[in-house]
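Spelled out from the first residue to the last, the chains are:
Number of protein chains: 2
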Amino acid sequence: MLRARFNLWIEKDGEVVISFWRARLLRAIDRTGSITAAAAEMNVPYRRAWERLHEMESSLEYKLLETEVGGSSGGGAHLTPAGRALLEHFEAFAEGFDKQVEARFTQNFPDE
Amino acid sequence: MLRARFNLWIEKDGEVVISFWRARLLRAIDRTGSITAAAAEMNVPYRRAWERLHEMESSLEYKLLETEVGGSSGGGAHLTPAGRALLEHFEAFAEGFDKQVEARFTQNFPDE
Numbered sequence: 001m002l003r004a005r006f007n008l009w010i011e012k013d014g015e016v017v018i019s020f021w022r023a024r025l026l027r028a029i030d031r032t033g034s035i036t037a038a039a040a041e042m043n044v045p046y047r048r049a050w051e052r053l054h055e056m057e058s059s060l061e062y063k064l065l066e067t068e069v070g071g072s073s074g075g076g077a078h079l080t081p082a083g084r085a086l087l088e089h090f091e092a093f094a095e096g097f098d099k100q101v102e103a104r105f106t107q108n109f110p111d112e
Numbered sequence: 001m002l003r004a005r006f007n008l009w010i011e012k013d014g015e016v017v018i019s020f021w022r023a024r025l026l027r028a029i030d031r032t033g034s035i036t037a038a039a040a041e042m043n044v045p046y047r048r049a050w051e052r053l054h055e056m057e058s059s060l061e062y063k064l065l066e067t068e069v070g071g072s073s074g075g076g077a078h079l080t081p082a083g084r085a086l087l088e089h090f091e092a093f094a095e096g097f098d099k100q101v102e103a104r105f106t107q108n109f110p111d112e
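Here the protein sequences line up with chains A and B, keeping their order. For what it's worth, my numbering labels the leading residue of the first sequence as 1, then goes sequentially. For what it's worth, my numbering labels the leading residue of the second sequence as 1, then goes sequentially.
Just chain A, same shape as in the assembly (with noise of 0.2 angstroms):
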């Protein structure tokens, strides 16, 4: 059995500044309120999750992350304004695409 598939992201000068798995990382760090918890729930290690923020933070040239260091919760991460502001951004340019794919799929492979 055949089935479509299809990933979406978003480039800077070459970089992916954005996609379905960072958008999932910063989801789950917005939900959180931690990097670590975060790549815990991704089934990344820390320094990948952390890695991918940075490379992203630096081709965007601006900030997706405040963190807090230490106090009585062990520190924190929130998004920033333009971080959230990214991420519903590319939350609603994939919205429904998964749906769009199937059908395109369901139309053009009809034996399947």
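Honestly, I wouldn't trust all of these hints.
Unchecked claim - Straight line, CA to CA, 25 angstroms or less: simulated BS3-like cross-link-like pairs of lysine-lysine:
1. A:12 with A:63
2. A:99 with B:99
3. B:63 with A:99
4. A:12 with B:99
5. B:12 with B:63
Just so you know, the hints here were simulated from the structure itself, not pulled from any lab data. Note that the structure is a prediction, hence the values are computed from the model and not measured.
Could you slot chain B onto chain A? The hints should help.
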């Protein structure tokens, strides 16, 4: 400046059976009548092209190409009816997707 990017492909049992790259390869074989000429057009070694074609046929469990060995033309390759159908279904499936992605991008990243 941000740019939207996308990819589309078809899988069977988790293996890629056709993608933009593979569709271009089949189209080049169709036009040139030769895997060697098509691989040269795609700037890949013959072996890479042959391996991808072999993987596709192996996953699909049908032949995409008929190959002729020798003769005055030194052999050649052409698409089977099933190979042509797969290619045309994929091209129809993918047709216009670039414009849809671009329209959604413009709509959702208004400052770009």
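Results for each hint:
1. A:12 with A:63: Holds: residue 12 of chain A and residue 63 of chain A sit about 15 angstroms apart, inside 25 angstroms.
2. A:99 with B:99: Given pair residue 99 of chain A, residue 99 of chain B holds - Cα atoms ~17 angstroms apart, limit 25 angstroms.
3. B:63 with A:99: 31 angstroms, violated
4. A:12 with B:99: Distance ~19 angstroms between residue 12 of chain A and residue 99 of chain B Cα, so the pair holds.
5. B:12 with B:63: Holds, because 15 angstroms separates the two Cα atoms, which is no more than 25 angstroms.
Violated hint for the displayed structure: number 3, the only one.
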